[in-house]
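Chains as they are written, first to last, in numbering that gives the first Met the number 0: chain A, 0 to 159; chain B, 0 to 207.
If you are wondering where the hints come from, they were derived from the structure by calculation, not from laboratory data.
The beta-carbon is built from N, C-alpha and C at its ideal position, and this holds for glycine as well.
Keep in mind that a hint or two might mislead.
Computed footprint of chain A on chain B; a stretch qualifies when at least three of its residues, placed anywhere within it, have a C-beta under 8 Å from a C-beta of chain A [to be verified]:
| # | segment |
| --- | --- |
| 1 | 62-73 |
| 2 | 120-132 |
| 3 | 173-186 |
Over the 10 Å line for every Cβ pair with chain B, so calculated as not near, a few chain A residues [stated by the list, open to error]:
| # | residue |
| --- | --- |
| 4 | Gly-70 |
| 5 | Gly-104 |
| 6 | Asp-105 |
| 7 | Gly-107 |
| 8 | Gly-120 |
| 9 | Gly-156 |
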Amino acid sequence: MAVFSNWLPRAAAACVVASGLAGCSTGSTPSATPATYGTASIPVDQFVGRWGLASYHNDADRARTMKEAKGQCGKPYVVAKGPGGGLMMNLADQPQVSELAVKGGDNGRTFIGPPGEPAGGPNDREVIDPSQNSFTTVWVDSDNAARYGTMVYVRCGAKA
Amino acid sequence: MTVRKRFSIVAFGAGLALALFAVGGVGRADQAVPGNDEMNVEDQPGFQPTPEQEQLSGPWEKQVVFFRTTEAPGTVIIVTADRFLYVVQGNSRAIRYGIGVGREGFQWSGLQRISRKQEWPDWRPPPEMIERQPYLPRFMAGGPGNPLGARALYLGATVYRIHGTNQPDTIGHAVSSGCFRLVNADVIDLYDRVPVGTKVVIKQAQSL
């Protein structure tokens, strides 16, 4: 406690000194602003719907996994549009859905993840090979990616 | 991320049990017996144990043992209470593997035959598990890290299998929903020894 109480006045003093030099602006402003990321090239509505969900770890299994995903529409994964214009989806290991953003990343890459985090953050998944009736995601976090594999979503029925 | 990243094998077991009871029992799997040394663990899809973790020791390690039986050589005998699977060799010898067995209420006994064999079987979480963990894929293609391991040998027309596992620490425990699990090296060895049609005797305890 003594250390902290000694440290705080010094830090404040340092800020005052610094403010005279550089305004001390970056250190005194809370980072309440949302993370910055570009606008995704894929519209949010393209992800909304009911999806057969399957996964694979080896690329050789992709084709049959796509077929299996289509066969899973009896227990579809439902993606709804959120009140903020995002997607209501689960994060890894989270049984409750939350509103996620569709983020534009570098080189035209697209990510889905928490809106307060930059594109490609550890809680994001990258969207690959998107179309009107299917898309594929890979978790950015290597542990999540290893456990869940590459996840394919195949639309159940025609797009509304 | 503080959430423990595991899927529940309990729900998986419940799903298999419901499937079993829904069809009014399977084959001769008619003798539920109490279990012990129960291990309440969760599946770990994607987890790949190290070779050291997969190396069993002591009684669970594959070995040739003295084994008196009237069953013909080549027959598979599973003794649930002991957590062992034997392949009869003749001359009162058998190859013995350490296994994981069903938890209490999921153990059974009976006579089956190997009806099908599959390398790197796919995994499908049961509906109850999907309901509880809706983020799970409804299908996971086989491969390293798959909860069903490297091989599966299907037992007759039942929902039960002898299969591998990516959780070698569950060997020797009552952990499953009625299937029998071996470490991947052992199930590969067994798979190569046991053809389709092989007689499989599942019993609670070794009879003298």
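Hint check results:
Requiring three or more residues with a Cβ within less than 8 Å of a Cβ of chain A, the coverage given for the segment 62-73 of chain B is violated, as only 0 such residues are present. Check on the segment 120-132 of chain B: 5 of its residues sit with their Cβ under 8 Å from a Cβ of chain A, so the three-residue criterion for coverage holds. Residues of the segment 173-186 of chain B with a Cβ under 8 Å from some Cβ of chain A number 0, which does not satisfy the need for three, so the listed coverage is violated. The claim that Gly-70 (chain A) lies off the interface is violated: its Cβ sits roughly 8 Å from the closest Cβ of chain B, which falls inside the 10 Å cut-off.
Consistency note on Gly-104 (chain A): stated as away from chain B, and its beta-carbon is indeed over 10 Å from all of that chain's, at 21 Å minimum. Residue placement check: Asp-105 (chain A) keeps its beta carbon more than 10 Å from all beta carbons of chain B (closest about 24 Å). Against the 10 Å criterion, Gly-107 (chain A) stays outside the reach of chain B, whose nearest CB is about 26 Å from its own CB. At roughly 12 Å, the least C-beta separation between Gly-120 (chain A) and chain B is larger than 10 Å, which holds for a residue marked as non-interface.
Here Gly-156 (chain A) stays apart from chain B, with its beta-carbon at least about 16 Å from theirs, past the 10 Å limit.
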